[in-house]
Amino acid sequence: MIRELSELTAKARWVWSETLRMHRLAPETRVASSLSAVEIFTALYYGGVLGHNGADPRWEGRDRLIVSKGHGSICLFPILADRGYFAMAELDRICQPGSFLGGIPDTIIPGYETINGSLGHGIGVGCGMALGLKRKGAARHVFVVAGDGEFCEGSMWEGIMFAAQHRLDNLTLIIDNNRLCMLDRCEKIMTVEPFEQRFQAFGWQTERVDGHDMAAVHGALSRLKLRGATGCPAVLIADTVKGRGVPELESDTLCHIRTLTPDEIDRATGGVR
Amino acid sequence: MSAAQIMTMRDAFIDTLCDRMAADDSIFFLAADLGAPALDRIRSEFPERFINVGIAEQNLINVASGLALEGFNVYTYAIAPFITMRAYEQARVNLAVSSQIRPVKVTMLGLGGGVSYVVSGPTHHCLEDLAIMRLLPNMSVYCPADWVTAGALVDHTRSTNGPAYIRFDGKALPALYAEPATVNLPRGFSQLVQGTATCLVSTGFMTHRALAVAQQRPGVAVIDLYSLKPCDEQALATALRPYNRVISMEEGFINNGGLDSLVAKVIREHELPCRQESVGFNDRYVFDLGSRDHLHGINGMDEAAVIALIDRQRSI
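As you go down the protein sequences, you meet chains A and B in turn. Whatever position you read off the first sequence (first residue = 1), add 10 for our numbering. Whatever position you read off the second sequence (first residue = 1), add 20 for our numbering.
None of these hints come from the bench; they were simulated from the model. Some hints here could point you the wrong way.
[Said to hold, decoys possible] Simulated restraints, written as ranges between beta carbons of each label pair:
#1 B:E297 / A:S109: 47 to 53 Å
#2 B:K191 / A:G164: 30 to 36 Å
#3 B:D45 / A:S16: 28 to 34 Å
#4 B:G91 / A:S109: 28 to 34 Å
#5 A:D66 / B:K191: 33 to 39 Å
#6 A:K198 / B:E297: 53 to 59 Å
#7 B:K191 / A:N63: 50 to 56 Å
#8 B:I75 / A:E206: 26 to 32 Å
#9 A:L264 / B:Q120: 30 to 36 Å
#10 B:P250 / A:D66: 46 to 52 Å
#11 A:D273 / B:Q120: 48 to 54 Å
[What the hints assert, rightly or not] Sample of chain B residues with no beta-carbon within 10 Å of chain A, all distances over it, derived:
#12 E109
#13 N114
#14 N319
#15 E323
[What the hints assert, rightly or not] Listed next, the stretches of chain A that the computed footprint assigns to chain B, with coverage defined by at least 3 CB atoms under 8 Å from CB atoms of chain B:
#16 120 to 131
#17 138 to 152
#18 167 to 177
#19 255 to 262
We put the CB at the ideal spot given by N, CA and C, even for glycine.
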C-alpha cells in the first residue's frame, strides 16, 4: 500500500506509460478507454482500497473487483503484474500465442473475476457476489467498474434496482465517465446523465470526482468502501477523459477504435519515462 | 406416492430441492416472479435463500452467476422461452463461457416447454430451447418426460458441476418411472419399449405420445431420451443398431439442432444402417388455438399422424 499521494501519482504515471507500451506491442488493444481508467485502478490496487493478494488471486478474504468495461482495462495488466499476480515478462507477450493477456481480458488472467467484453453484465454479477458475501457473513466489498456508455444496456438498470432492493451496502459501482461511446459523445447518442438524479431516484448513494485527480479518486473510494451499514449501494461517478494524455486521442471522438502509431506513442510518452 | 400419480415436474423438483435445502445451505433458489405451489415451502422455510428478482430474466442469470462464483449452488426459475431466450447472452457469457474457467453451478429451470402453454401463443411456446441450449459448450440440457425424472434431476444437478438447463412441461403428467433410481441420468436415456424394425426416440411430453403410438403398433420400440447433453452416444448407438427406422419426436423445431440433430449425429458417426425421420414443429410459429392435441394434429405430431407416418413408411 502506498500512503504518499506523490507516490500514487507517480505510480499512475507508470501505469499510463506501460499501457501505451503494451498498445505498441498489441495495436489491436483498445487504448483510449484504458487511459481514462488509470487513476481508478491505481487507487484501488495501490491505495489500500481493494483487499487483495497477488500471490493468491482467489484468496477468500479478497475484495471482489469486476471490470464490466472489459476492453478498457488494458491498464490493469501492468498493475496486476506489478502486484504479483503474474510475471512482469508476461506483459511483453500480450496478444501473442500462449499468452493469457488478450485484447479483452477474461478470468483466465489471474486477478480477473469474470468473463468481460460483453457490456452490461458486471453490475448484475456484482449484485450476486455482494449478496453471497453478505449471506456468508464475509465483510468483503464488491467493486464494479463500468463505462458510462454501458448504461445504454437495460440489464444495467435491472442490476441497479436489485442492489437497492437488497440494500447492498457492500457494493460500490465506479463509472469511468469519459462521455464517449464508440461513434460519438454519449449525449448525442443516448443520454445517460445526470447520473446523480438517476441513481438517487433508484435509491443509491452518489458521489462525483475528477477521475484524474488522484487524491480525489483515492479519497472517495476509501470513504465509500468504509461507509459502513448504510443500507444502500453507492456509485462513484469519475469524470474522465478518453485517451487521457494523448492529444491525438483526446481530440478524436472516434478514439475508441483508434490505433496509435509508434511515433504518436513516442511523442506522448517523451520526457516522462 | 404411487408411481401412476399425475404431478407437475416443477412441483416434484422443487419439493425435493426444498428437502435438500434443509441440509445443504449452499443452495439458493432465484425466481423471475414465477411461482409454484411447492415453491411456497421454500419461500417460507428459507427466506434468506429464496430471491424473487422480479420480471428480469437477464438479471436473474447475472445475479445467479455472481452467487455461484461465491460458491453457492443456484437454481433459477422462469418461463422457459424467457429464461432461455431473453437471458441467452447472460447464460452464454456468465454460465457457459465462465464455467470453462471457474466453477459455476447454476441450473436454469424453464417452465412451459414446447406448446404446454397451449393457448398463450408464440411468445409462451418454447420450441427453440433444446437446440439453442445444446449449442452452448459446457451446458448440460435435460428434458424430462415425467415428474420422477424431474425429481431425480435435483440430486443429479447437485452432484455434477457446471451449468445446466432443464425444460419442465407446463402440465401435470403421469409418471413413467417407478422410482428415481430407474432413471439413468448419466446414460441419458431409457428404453421403455422393446421392438423390431422401428424405434421412436422421444423427449419430454412426446414420450407419452410415443408410448401411446407403440401401444397401437406392437413392435415399435420407444426410447425416452431425457439428457440431450451430455448423452452416452455410444450406448445410444448400441440401442439403435437393431432398427432400420428411427423416428425422433420432440415438441420443438426440427432439423435445426434439437433432439433430431443429436440422433442424426449418432446415426452418422456410428454408421447405423437405418433411415431417420423427424417429428416436431417445422419452421413455423403456432398461432392456432385449441387443445394441445389439436396443435399437434395440424403439425403432423398427434397420435394419428405418427401412426400414419409409421404405416406409410411400412408400405414403401
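Each hint tested on the structure:
1. B:E297 / A:S109: 47 to 53 Å: Holds, at about 49 Å.
2. B:K191 / A:G164: 30 to 36 Å: Between B:K191 and A:G164, where Cβ atoms are some 32 Å apart, the hint holds.
3. B:D45 / A:S16: 28 to 34 Å: Since the Cβ atoms of B:D45 and A:S16 sit about 49 Å apart, the hinted range of 28 to 34 Å is violated.
4. B:G91 / A:S109: 28 to 34 Å: 29 Å, holds
5. A:D66 / B:K191: 33 to 39 Å: 51 Å, violated
6. A:K198 / B:E297: 53 to 59 Å: For B:E297 against A:K198, whose Cβ atoms are near 56 Å apart, the range 53 to 59 Å holds.
7. B:K191 / A:N63: 50 to 56 Å: Roughly 52 Å apart at Cβ, these two residues keep to the hinted range, so it holds.
8. B:I75 / A:E206: 26 to 32 Å: 27 Å, holds
9. A:L264 / B:Q120: 30 to 36 Å: Check passed, 34 Å falls within 30 to 36 Å.
10. B:P250 / A:D66: 46 to 52 Å: The hinted range 46 to 52 Å is violated for B:P250 and A:D66, with Cβ atoms some 33 Å apart.
11. A:D273 / B:Q120: 48 to 54 Å: Since A:D273 and B:Q120 have Cβ atoms about 40 Å apart, the given range 48 to 54 Å is violated.
12. E109: 6 Å, violated
13. N114: 6 Å, violated
14. N319: With a cut-off of 10 Å, B:N319 remains clear of chain A, as the shortest Cβ separation is near 34 Å.
15. E323: The claim stands: B:E323 keeps its Cβ more than 10 Å from every Cβ of chain A (closest is about 44 Å).
16. 120 to 131: holds (count 5)
17. 138 to 152: holds (count 8)
18. 167 to 177: Result for this restraint: holds, n = 5.
19. 255 to 262: Coverage by chain B is violated here, the residue count being 0 at a Cβ distance below 8 Å.
Checked against the numbered hints above, the structure breaks hints 3, 5, 10, 11, 12, 13 and 19 and satisfies the rest.
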